[in-house]
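Participant: Assemble the dimeric complex from its two separately framed chains, guided by the hints.
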Amino acid sequence: MASDEAELVRRCLRGEQDAVKSLVDRFYGEIFAVCARILNHRHDAEDVTQEVFLRVFRSLRRWDKQRPLKPWIMGIAINRCRTWMSQRAKRPELIDYLQDTAAGPPEDDSAELRREIDAAIQELRADYRMVFVLFHQHGQPYEEIASAMDRPVGTIKTWLHRARLEILERLRLRGMVSEVGHELP
Amino acid sequence: MNCLDCRELVQRLMDGDLSAEDRSALEAHVTVCHACRELQAVAKRLLEGLRLQVMPAPPDSLKQRISHAVLVQSRRHIGFRRLVFAGAMAASIAAVLTAGFFWKSGTGKQNNSGLAIHSVPLDKPKPSPSINQSVEEAGKAVLAMTRRAADETVGQSRMLLPQILPETPATGIPEIEPLLEQPSRSLREIQTGMTAALEPVTSSARRAMDLFWRELQPREPSNKRGS
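Chains A and B, in that order, are what the protein sequence lines are.
When you number the first sequence by the working numbering, it's gap-free, plus one each residue, and the end is 185.
When you number the second sequence by the working numbering, it's gap-free, plus one each residue, and the end is 1227.
None of these hints come from the bench; they were simulated from the model.
Just so you know, not all the hints are guaranteed correct.
What the hints assert, rightly or not - If you want the footprint, here are the derived chain A segments under chain B, 3+ residues with CB under 8 Å:
| hint | region |
| --- | --- |
| 1 | 26-39 |
| 2 | 53-67 |
| 3 | 145-156 |
A quick note: this is a predicted structure, and the numbers were derived from the prediction, not measured.
Glycine included, C-beta positions come from ideal geometry on N, C-alpha and C.
Pulled out of the complex, with its shape left as it was, chain B reads as follows (with noise of 0.2 Å):
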């Protein structure tokens, strides 16, 4: 065993932790060596010295100040999260006031422009604030803005109609359909005429081709005879 294995012991000896193959062994060393003997003899004198300490004994008064002061804590921490459980409940309450102030607003708003914009077709009020109900009274809205608004060019059309196709006479054709319907009628009859104007024309030429053709006739049996 050297010094530094000496003073590896020393430190075991002071843990607590010495074997006795170990005390056996640093016995031996130190019976050798002067300096690792004195470092021996001060440890045991340092371990003699802290087991005469005492213990530092507290004043009477601390434990009561302690807990005084324990409590004092303790009530002031409950105070205090109560005043924030506090706090935090009116600003919830303050919170949702407002949120409900602001939407009755709104609301309120949304029916007056409504009024105005939909005045003719929507003169009762919105009951339901639900966004479902919201959009099918804006499509009825839409609708019925529709209706109105195919009414009323019908009702327009219906008034000029008469100004555009002025009314005939009595003894005239009393409908649109008779005046259609003349041309076609008409049509036929100048057929007919030009039919019949046609017909002596036509049979003038006929008559006339039979004549020209009566006369080559005659000629050419002649010229066979001849020959």
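Excised from the complex, chain A in its bound form (with noise of 0.2 Å):
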């Protein structure tokens, strides 16, 4: 896998188009997730998408062919996800993501479940909602995550257990849980 990576950004770099585009499909729409679920807004998440290849392609040089791509990428993609949220909050209010989003099929159980953790991770803080959206939303271990925001594994542990807690403080004050058990005698 490494060895098949290192060969494709040897073509990319010798600027083969096959090669270029093999690149972004193989990684964008991982990408475009990430960043729609941290930024919450499509748009947005599309801009700071090219944003990210862009900055990849960059800086391809760079990589390390001793390392996989993918968290080299995720890290690129968190950093421009962090300079975005940093300035759109000196931009006026925008569209909320949930709104942006198509309309759907009525609400039913799950649905509701779903908006109601997709508005309780936006009310994390920006690294928790990071931290928090690549273990569980994109299933990146530990490692990976550290890797990607430069942090010691420690410090996502921690900011991955708060944001769970406040998390499910959140989901059980909106009602979320309604069959819990009386305690046995």
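Facilitator: As structure tokens, then:
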């Protein structure tokens, strides 16, 4: 896999269009999903995803061939999302991601649960949100998250635990747990 | 197990890293603790909701858009690198030409000044610009100038010598060496002359001393005879 990625990168550096399209095709879906969940806005996620790939190809020569490509690209995406969020905080209020998405079928219990989870995730502070999204929604291990966010693994674990507790507390307050048994005598 | 341990097990449950033994301990605790039972129930609900979530799908045009932007950037980057390379090459060539021009003009000035200074001994142009040859030529020029100055000095001295030592008549001593030898002959003659001149004086003095001595001699025997 690493040699395959190294060969792909080498071809990209030679300017082969097929290799460029192949690399974009391999990662752009997941990068877009991460950006969309972190930024909570589809159009912003599209712009940031494009910026991420422009930056990836600009600094492709600095990629360490000994390491897998995905965490490196994910780290660039995290940094771009951070920058985008800091810039967005200075701008006027934007349309919410959930309102920006197309209208779906009528909500059922699971849809309400998903919406509450999304809302709880968006209330997290940025670092906690990134860690939670990467771990629970994109299945990244602690080590890769730590590498992408340039933080120690212990810090990532602490942030994730706090993020979970905050989300659990919100879901509990929003009545997402209806059936809790009574204490046994 | 207390509630703090139970919260840790809930975290491990959400990590997907809960062993069967820990699961049994957790279940045993939540049967007697309402708060921990509620926490476990919310955690399970959260995991259920996360499994139901779908990954946001990118629009169809995004891939084409990204690929196009990347290729445009690559072309610009390659063009910029070529421009930088061409600029560097042009600058290098210009630097070499400028250095050559100044080198050549500096060498011409050196020749002109050399001709002006060493017009007599160095009338030939310097053929070689190398340092060793230049030093060698400079040494030769200094040597030539020294020889020339020495020759001029000797020539002028030879020209001035007759004025300092006027010529003697033909009857006189024609050369310096006989003039220098003349005092030695005169002294010998003087010595011989003086010896000859003093000879009568010395003989008269000797005769007078003999007479005086003779007059003193007879008195002494008479006195001895009388005593």
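Participant: Flag every earlier hint the structure violates by its number, smallest first.
Facilitator: Hint 3 is the one this structure does not satisfy, whereas the remaining hints hold.
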